[in-house]
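Colleague: Sequence:
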Amino acid sequence: MKLKSFYLLLALVLASCGGAKKITNIENASAKEIIAAHKAAAPDFKTLAGRVQLVYETEEKLQSITVSLRMEKDKNIWVKASILGITIAKVLITPTSVSYYETVGKTYFEGDFALLGDWIGTPINFQQAQNMLLGQSIFTLNPSEYRSEIFQNRFKIQPKQQPQNFIHSLFLNPENFKIAMETLAQPNSDRLLSIRYGDYQKIGDQYFPSTISIDTSEKGATTKIEMNYRKIDLNADVSFPFEIPQGYEEIQLN
1 MKLKSFYLLL ALVLASCGGA KKITNIENAS AKEIIAAHKA AAPDFKTLAG
51 RVQLVYETEE KLQSITVSLR MEKDKNIWVK ASILGITIAK VLITPTSVSY
101 YETVGKTYFE GDFALLGDWI GTPINFQQAQ NMLLGQSIFT LNPSEYRSEI
151 FQNRFKIQPK QQPQNFIHSL FLNPENFKIA METLAQPNSD RLLSIRYGDY
201 QKIGDQYFPS TISIDTSEKG ATTKIEMNYR KIDLNADVSF PFEIPQGYEE
251 IQLN
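The sequence shown begins at 1 in the numbering used here and counts up one residue at a time.
It is worth saying that the hints were derived from the structure and are not from the lab. Any given hint could turn out to be false.
Stated by the list, open to error - Below, a list of computed lysine-lysine pairs in the BS3-like style, where the Cα atoms sit at most 27 Å apart:
#, residue 1, residue 2
1, Lys219, Lys75
2, Lys75, Lys202
3, Lys39, Lys219
4, Lys80, Lys224
5, Lys224, Lys32
6, Lys202, Lys224
7, Lys39, Lys73
8, Lys75, Lys46
Claimed, not checked - If you anchor each label on the Cβ, the simulated ranges turn out as follows:
#, residue 1, residue 2, range
9, Asp44, Ile251, 12 to 20 Å
10, Arg196, Thr140, 29 to 37 Å
11, Thr87, Thr183, 32 to 40 Å
12, Lys219, Thr140, 22 to 30 Å
13, Gln252, Ile65, 31 to 39 Å
14, Ala236, Asp112, 38 to 46 Å
Glycine included, every Cβ here is placed at the ideal spot set by N, Cα and C.
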């Protein structure tokens, strides 16, 4: 399909979608319009419960686990990791803290987001973690500070002026304005974060990720996380049970 024909077809498709009616000229869409459409594509729900198959890989470890994921939007992210039906860890993340315990070594952590950043391989806060799980940008997008272009049939969003030692790029799918890929590079710190999304699943009139691939590297140390959502239920009654067992040893981060 020729590129011009692609834009014409895409414009017709988007014009039929309620969330995209404001963009009528895809080829000349402004960064303001694209960012507004991306923000409008953020899922609206009270609670989320999902099953996730997760593969976690570092230079020292390769582990595949089943994860029960529960979210109360903007309030709680709860994770229970299991292998062969046996609970090996629980995590509770709130806007102000991260709590965690694992049953094999009988250790626990209660504190700030340093542990979460250590797992993922880059500093991260609650809102960024939530956005990452939902296919939304991990950074606040101020339209006046960003420019847009079409790159390989996707919208590419970048700051007009990249801060020193901070290169941020965002690629959005034109059919749903969800993220296809987001990257952050800090060359002076030898740090790179790449988040890639596969197909999105439509639940009602909202889009949620089906797969997420997170790759980080810092000074040669790499972390890879592959997430495959098996099931997502919205607005069900969920609880967030979390209690550190007696006798566990507290983790001390350097």
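Colleague: So if I understand the rule, the pair passes when the alpha-carbon distance is 27 Å or less; does Lys219 with Lys75 pass?
Modeller: Not satisfied, since the Cα-Cα distance of roughly 34 Å exceeds 27 Å.
Colleague: Can the suggested window of 22 to 30 Å be confirmed for the beta-carbon pair Lys219 and Thr140?
Modeller: holds, 27 Å
Colleague: Between the alpha carbons of Lys75 and Lys46, is the straight-line distance 27 Å or under?
Modeller: holds, 10 Å
Colleague: Starting from Lys39, check that the Cα of Lys73 is at most 27 Å away, please.
Modeller: Holds - the C-alpha atoms of Lys73 and Lys39 are around 15 Å apart, at most 27 Å.
Colleague: With the threshold set at 27 Å, check whether the alpha-carbon distance from Lys202 to Lys224 stays at or below it.
Modeller: holds, 26 Å
Colleague: Lying within 31 to 39 Å: is that true of the beta-carbon distance Gln252 to Ile65?
Modeller: violated, 24 Å
Colleague: Check whether the Cα positions of Lys80 and Lys224 lie no farther apart than 27 Å.
Modeller: Roughly 19 Å separates the two Cα atoms, so the pair holds.
Colleague: Take a quick look at whether Lys75 and Lys202 sit within 27 Å of each other, Cα to Cα.
Modeller: Distance ~24 Å between Lys75 and Lys202 Cα, so the pair holds.
Colleague: Could you check the hint for me, namely that Ala236 and Asp112 are 38 to 46 Å apart, CB to CB?
Modeller: Violated, at about 30 Å.
Colleague: Is the hinted range of 29 to 37 Å satisfied by the C-beta distance from Arg196 to Thr140?
Modeller: Roughly 21 Å apart at Cβ, these two residues miss the hinted range, so it is violated.
Colleague: In this structure, is the beta-carbon distance linking Thr87 and Thr183 contained in 32 to 40 Å?
Modeller: holds, 34 Å
Colleague: So if I understand the rule, the pair passes when the alpha-carbon distance is 27 Å or less; does Lys39 with Lys219 pass?
Modeller: Given that 27 Å is the threshold and the Cα spacing comes to 33 Å, the pair is violated.
The structure shown violates the earlier hints numbered 1, 3, 5, 9, 10, 13 and 14.
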